[in-house]
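Participant: In UniProt numbering, the protein residues as written are 1 to 669.
Warning: the hint list may mix true and false statements.
Simulated pairs of lysine-lysine, DSS-like, Cα-Cα distance not exceeding 25 Å [to be verified]: (1) Lys570 x Lys635; (2) Lys349 x Lys467; (3) Lys234 x Lys353; (4) Lys328 x Lys277; (5) Lys372 x Lys356; (6) Lys234 x Lys349; (7) Lys277 x Lys349; (8) Lys277 x Lys37; (9) Lys520 x Lys481; (10) Lys281 x Lys230.
These are calculated hints, taken from the structure and not from any lab test.
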Amino acid sequence: MRILFHAPVLSVHRPDPALSSILGVPPTVTDTLFGLKPAHKLTGNRGNIIHAEAPARSLRKDPDGSAVGNIANLQKNLGEGYAETIAEHFDMIVVSLANFIRPNHDGIRLFSALEALDGRVPFVVLGAGMQGSHAFTDLMPGNRDLLALLNERANLFGVRGTQTAEWLAQNGLENTTVLGCPSLYVYPQSILAIDGTAAQAKGRQANVMTAGHFSMREGAIVERGTELAKAFDKIDASYVFQDEIFGYGKFIKDRFGYNEGNNIAQPEELNRWLSRKCGHKVDFNRYYYFSEAGAWRQAAMLHDVYIGDRFHGGVAALQAGQPAIFLKHDNRVAELTEHFGLPALNTQKFMRKGLKAVLDEYLSPEMLDTMKATYRQRHAEYVAALAAHGLEVDTIVPDEPQPVPAVDRQGHLGAIRSPQAPDEVLPEGLWPTTTLTPSYAMRRLHPEGARELVVTFEGAGQALDRKDPLRPGFGERFLIKAGYAVLSVLPHQQNWYRPLDLEQYFQAPDTRAWMAGFDKVHVLGSGMGAFGAMAFADLIGAENVVALQPITTLAEDLIPGEIRFPAARKLDWSGAYRDGCAGCDTAARIYAIHGDHPLDLAHVARLRDALGARLISAELSHDSKRPVTPLLRAKRCLPRTALTCLRGGDAAALEQVLGELITQKTPAE
């Protein structure tokens with residue numbers, strides 16, 4: 001379909017020559033804030049570039065036959081042949097709007113351009129919304145005429161939320177469909193991958209991106225901006241300007257006050273000036289101004305969370321797969337956050353609760369799960385509404401969440417560099433990096449010169465803070481001391497390694513390339529972790545598998561007598577990686593250090609039947625009533641036991657390390 005998209009999609013000049021195959025030029029680079037004004041006029045409020053590009057990004061179209069343009073300008077330039085020319089070249093017009101239903105907006109030019117088409121080209125409207133509370137008669141005549149035309153002639157009159165739809169209906173305009181903002185439908189895989197764990201783990205130390213209304217009125221910053229400044233006192237945060245900077249002081253003309261290469265303004269003078277105008281200290285680390293949506297999304301990934309008073313500032317974060325919490329103070333934000341079930345509260349409540357409490361409450365798994373369920377429903381409604389008019393949405397919702405690669409929020413793209421906890425004894429200069437998937441934190445430690453890698457799988461211990469993605473992995477410290485590199489698999493909950501974004505991580509090209517750099521790879525785990533180590537051993541390419549108190553599976557059809565772990569047995573045990581025995585086909589040696597409980601022995605029997613002589617097992621006394629791993633820790637032989645196995649020790653070597661703990665010595669079979 002040949003579509004004409006009416007929207008300020010790009011910050012580029014419109015060329016005067018009416019020639020085919022030419023494009024407008026981008027604005028010349030500036031190093032002052034004032035120098036951004038010509039670029040700003042091309043799109044207006046920077047939030048426009050987020051919603052305006054959305055239809056062209058998400059709808060299926062004939063790319064060579066489609067275009068972006070302003071139909072009011074086209075009417076002016078084409079003159080009497082306007083309607084005929086548009087009908088000849090386009091099958092559909094998609095009009096992307098925002099909060100234009102307000103008293104100070106005049107829609108006369110758009111009304112004239114659409115009316116002049118006289119039905120020759122069908123058109124749909126997306127994202128129409130109201131701003132403020134007012135009477136229909138308060139609108140300019142051109143805006144009232146535009147609304148009446150959209151209601152009568154648009155194939156689809158899409159509005160942002162129920163408040164806009166109800167207000168229009170009260171004024172006799174009832175042909176609306178509530179669809180939200182099209183900007184939310186461009187990157188569904190990012191939105192469904194959002195996870196608040198990393199931000200919650202940092203708590204008060206989280207790095208926040210925000211935006212708001214630092215607008216000038218009567219010589220001072222408006223109250224809404226001042227309240228935002230107070231709310232972010234002592235919070236590590238960056239601020240995104242959308243349209244307010246051009247009313248500031250002479251300093252906005254200072255050379256090198258802005259770097260367009262990284263979209264960052266020098267913060268010192270801005271902080272001083274805003275502090276004076278707010279009557280309260282303003283101390284943001286960075287100030288951004290964006291001319292392109294992709295740069296906005298990338299900057300969002302350098303932060304842990306967005307919390308702000310601009311809706312499309314939050315959408316930029318969501319599009320990048322980052323969590324966002326919206327500060328709502330008007331119906332623009334309120335009806336959109338309500339429609340999509342997005343986390344939202346007002347600035348005063350945010351200030352009262354504090355950053356940590358807000359992150360814990362509004363990014364909880366329950367709240368985000370509800371948001372994602374609502375999003376799936378809204379996306380389906382959007383797809384169906386447009387399909388009824390021949391428009392196909394190409395951005396589909398994935399069946400399973402697609403992990404968003406984490407970034408190094410210290411300043412460079414990569415993974416999160418974990419701050420070293422005071423009790424985390426790691427060699428000087430060795431930094432862990434953590435990559436987050438929807439279900440796991442993958443923590444890498446790679447000492448210089450390490451030639452072998454151990455992938456450790458965390459157990460089901462109740463004392464673990466699974467909200468902390470920066471926690472040390474199982475066995476990490478003694479493994480590093482012994483010269484191994486370590487990749488710790490840290491589940492966000494006791495999921496028994498059933499969510500298969502773990503498989504996606506291990507199959508990712510960058511993970512495979514990194515692991516291929518080692519001479520050998522091994523796996524280690526205890527209990528739930530032992531299951532993970534065995535189930536994924538072949539996928540990882542493990543040579544030695546070390547399973548402490550091995551649980552081979554909790555699938556009822558494979559081990560019907562296993563009655564322990566009632567919550568875990570309710571998980572989905574179908575599909576791939578359900579059986580630890582089946583996951584060890586290619587490993588050279590599998591070590592099983594286990595207790596004498598009948599169910600422990602049942603798991604070992606399964607291993608013996610499946611693995612034969614490759615299994616080396618040792619049964620420990622349970623006189624202490626302790627599980628295997630706590631017993632080994634108490635006897636101070638956990639590191640020696642694990643290292644003996646990782647180095648390929650035989651049954652005799654293992655028995656020598658375990659000594660009196662062994663009640664039944666089982667040679668290799």
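Participant: Lys372 and Lys356: Cα distance at most 25 Å?
Facilitator: holds (22 Å)
Participant: For the pair supplied as a hint, Lys328 and Lys277, is the alpha-carbon distance within the 25 Å limit?
Facilitator: This hinted pair holds, its Cα atoms lying about 23 Å apart.
Participant: With a cut-off of 25 Å on the C-alpha distance, tell me whether Lys277 and Lys349 pass.
Facilitator: Distance of about 24 Å is within 25 Å: holds.
Participant: Holds or violated: Lys570 and Lys635, Cα atoms, limit 25 Å.
Facilitator: Given pair Lys570, Lys635 is violated - Cα atoms ~34 Å apart, limit 25 Å.
Participant: Would the hint linking Lys234 and Lys353 be met if the CA-CA limit is 25 Å?
Facilitator: holds (14 Å)
Participant: Would you check the hint for Lys281 and Lys230, treating anything up to 25 Å between C-alpha atoms as holding?
Facilitator: holds (8 Å)
Participant: Would you check the hint for Lys349 and Lys467, treating anything up to 25 Å between C-alpha atoms as holding?
Facilitator: Cα-Cα ~24 Å, so holds.
Participant: Straight-line Cα separation of Lys520 and Lys481 no greater than 25 Å?
Facilitator: Roughly 17 Å between the alpha carbons, so the hint for Lys520 and Lys481 holds.
Participant: Given the hint that Lys277 pairs with Lys37, does the C-alpha gap stay at or below 25 Å?
Facilitator: Distance of about 22 Å is within 25 Å: holds.
Participant: Holds or violated: Lys234 with Lys349, Cα cutoff 25 Å?
Facilitator: With a Cα-Cα distance of about 17 Å, the restraint between Lys234 and Lys349 holds, given a limit of 25 Å.
The structure is inconsistent with hint 1 alone, although it conforms to all the rest.
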